[in-house]
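2 protein chains.
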Amino acid sequence: MSFSFTILGSSSAVPTSDRFPAAHVVNIHERFFLADCGEGAQIQLRRFKISPGKINHIFISHVHGDHTFGLFGLISSFSLLGRKSDLHIYANPLLKLILEDHKKYYYEYPLPFRIIFHPIGSKKKDLIYEDEKVEVHTLPLKHRVPACGFIFIEKAPMLNLRKEMILHHKIPVREMVNIKMGSDFINEKGETIPNSALTLPPFKQRSLAYCTDTKYTESIIPHIKNVDILYHEATYLHNMLDRAAETGHSTARQAGQLAARAQPGKLIIGHFSARYKTTDILVEEARSEFPETYAAIDGESHHVEQVRVAR
Amino acid sequence: MSFSFTILGSSSAVPTSDRFPAAHVVNIHERFFLADCGEGAQIQLRRFKISPGKINHIFISHVHGDHTFGLFGLISSFSLLGRKSDLHIYANPLLKLILEDHKKYYYEYPLPFRIIFHPIGSKKKDLIYEDEKVEVHTLPLKHRVPACGFIFIEKAPMLNLRKEMILHHKIPVREMVNIKMGSDFINEKGETIPNSALTLPPFKQRSLAYCTDTKYTESIIPHIKNVDILYHEATYLHNMLDRAAETGHSTARQAGQLAARAQPGKLIIGHFSARYKTTDILVEEARSEFPETYAAIDGESHHVEQVRVAR
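Just so you know, the sequences run in chain order A and B.
No gaps in the numbering here: position 177 of the first sequence is 177 in our numbering, and each next residue is one more.
No gaps in the numbering here: position 241 of the second sequence is 241 in our numbering, and each next residue is one more.
A couple of the hints might just be wrong.
Any copy, or any two copies together, can satisfy a pair, since identical chains are not distinguished.
[Said to hold, decoys possible] Result set (EDC-like, lysine to aspartate or glutamate): computed pairs, CA atoms no more than 20 Å apart in a straight line:
1. K103 - E188
2. K96 - E108
3. K96 - D242
4. K142 - E108
5. K215 - E305
6. K133 - E188
Hints listed in this document are in silico derivations from the structure and should not be mistaken for laboratory results.
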């Protein structure tokens with residue numbers, strides 16, 4: 001059961017020769033979610049062997065070009081390739097106007113599929129997506145324009161039965177779903193067999209917080225506590241703190257400080273200013289606050305293993 | 001004195017993992033012209049070590065997404081990097097409306113530089129750009145929407161003086177420009193020294209014809225005769241001739257046939273459909289008509305040497 005985060009683009013507004021603008025793929029149980037869609041996202045998907053057709057839900061943190069310019073090409077290619085399934089876009093309502101305007105000019109419209117636009121706010125945490133495996137919540141961020149992060153949470157999967165116990169207690173099939181969902185079992189003698197004796201320890205619910213673009217803001221800490229992966233922007237080094245504050249961005253040290261308080265499994269920093277030829281110095285700075293820090297690198301994936309928790 | 005053609009993107013509408021959408025750089029005497037600006041053009045410029053800031057003139061063949069979606073990011077980056085110099089865009093007037101609409105939504109506007117929009121037609125050949133080194137003409141093409149190619153012609157440079165003749169004939173400095181421009185010289189004794197005895201043979205004027213997107217159309221042949229480089233689209237193999245005709249594109253064989261009649265120095269085919277994993281078979285097909293055919297490959301440059309012509 002996959003849970004991974006793939007970076008398609010790790011640059012901030014101006015891309016470099018090896019860093020595309022912001023776009024990321026979250027894969028939870030082979031559901032593929034796009035977090036932001038900067039220029040070239042569709043090309044990066046193909047380069048990194050993720051079929052664009054698998055993308056049904058696109059979450060846009062805020063309506064700046066480096067997070068949205070890839071939508072035009074992606075939608076156009078979907079149209080030309082005859083996509084039929086609905087495409088859901090979650091973003092500030094401004095993006096809807098942009099897409100409406102755009103549609104007036106390009107021949108790929110009308111599209112052979114529906115775009116279902118979900119306007120999202122950025123004032124409070126909201127559940128904006130849910131299916132049987134995944135929840136996605138917004139997370140208010142502090143940028144120059146309305147912006148929000150996204151928290152992707154794997155829902156608790158059903159418990160796995162211990163096969164030997166099924167036989168031993170002669171558990172009928174009709175009871176199995178209840179036990180998988182946590183119930184105890186009462187056998188023919190009227191004895192209660194506790195659920196923990198019948199099932200393997202549950203899997204930990206995996207989670208990822210995607211936080212860009214934003215100033216350092218402690219208000220998000222309660223919501224991202226102990227996530228497996230915290231992606232946080234780190235546009236600048238801390239010696240450019242003034243510039244970061246002025247433009248609504250964070251420094252690498254601030255991303256590390258935030259992680260030190262939220263204690264994620266790992267911190268991935270990205271959205272790097274083009275002025276940094278390598279990201280080593282940014283990682284080093286963040287690591288001084290939170291050692292488990294890694295640089296976002298275009299094409300790299302971070303996987304979270306499925307682990308059982310003690311009970 | 002450079003004259004080169006660099007491919008930034010060789011795909012047709014849907015890009016592949018190694019072929020970006022249409023964008024090309026023509027470098028004539030270190031003036032850099034962009035021919036089309038598909039998604040990711042600014043990234044490709046950086047990857048191939050061409051400073052985007054050198055681009056002052058952008059020629060758009062037609063207003064389809066795969067030829068224009070890179071403009072948004074390029075203009076945005078120019079703005080963020082504080083560009084001051086005018087940016088000239090030559091395109092169908094529809095593109096002006098798109099850029100105007102776009103400007104309403106993104107924060108990089110107002111821009112710190114001017115966009116000077118030059119509306120171009122596609123009914124007849126027009127001179128649309130001229131400086132002391134270069135002329136650019138439109139070339140009507142046949143596509144589903146108004147489309148035109150571009151012919152880039154190096155102006156005849158001034159002649160080079162033979163140094164030994166300057167000394168021998170005691171040519172005064174004030175006469176030199178006239179001689180460089182082709183005049184004979186009358187010496188102190190009243191004798192006429194013919195220009196050909198005073199100067200090296202002239203350089204051939206180099207030229208490039210850029211033809212995409214278009215059906216096979218013989219009407220362009222008189223205008224592209226003997227160009228040094230003919231870039232012509234070859235979206236499909238000839239076994240998809242019907243599809244090519246229907247979508248307003250050419251086959252590789254047709255590109256070769258056109259070259260066989262126009263006799264360029266070389267034919268470069270591009271704008272390949274994503275269905276072709278490699279371009280070998282397309283090149284092979286075009287070569288059966290015109291042997292000096294090469295596939296456009298993202299990042300490759302074709303240089304035309306400066307050669308003197310006999311007189």
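- prompt: Is it within, between, both or neither when you check K96 against E108 at 20 Å Cα-Cα?
  reply: both (17 Å within a copy, 19 Å between copies)
message: One pair to classify: K103 and E188, alpha carbons no more than 20 Å apart. Within, between, both, or neither?
response: neither (66 Å within a copy, 74 Å between copies)
message: As a check of your reading, is K142 near E108 (CA-CA no more than 20 Å) within one copy, between copies, both or neither?
response: between (36 Å within a copy, 19 Å between copies)
message: I want to check one pair: K96 and D242. Are their C-alpha atoms no more than 20 Å apart within a copy, between two copies, both, or neither?
response: Neither way: K96 and D242 sit 33 Å apart in one copy and 37 Å across, limit 20 Å.
task: Please work out whether the CA atoms of K215 and E305 approach to 20 Å or closer within one copy, between two copies, in both situations, or in neither?
output: Result: close neither inside a copy nor across copies, 30 Å intra and 53 Å inter.
Homomeric proximity label, K133 with E188: Cα distance no greater than 20 Å: neither (34 Å within a copy, 97 Å between copies)
Of the numbered hints stated above, those contradicted by the structure are hints 1, 3, 5 and 6, listed in ascending order.
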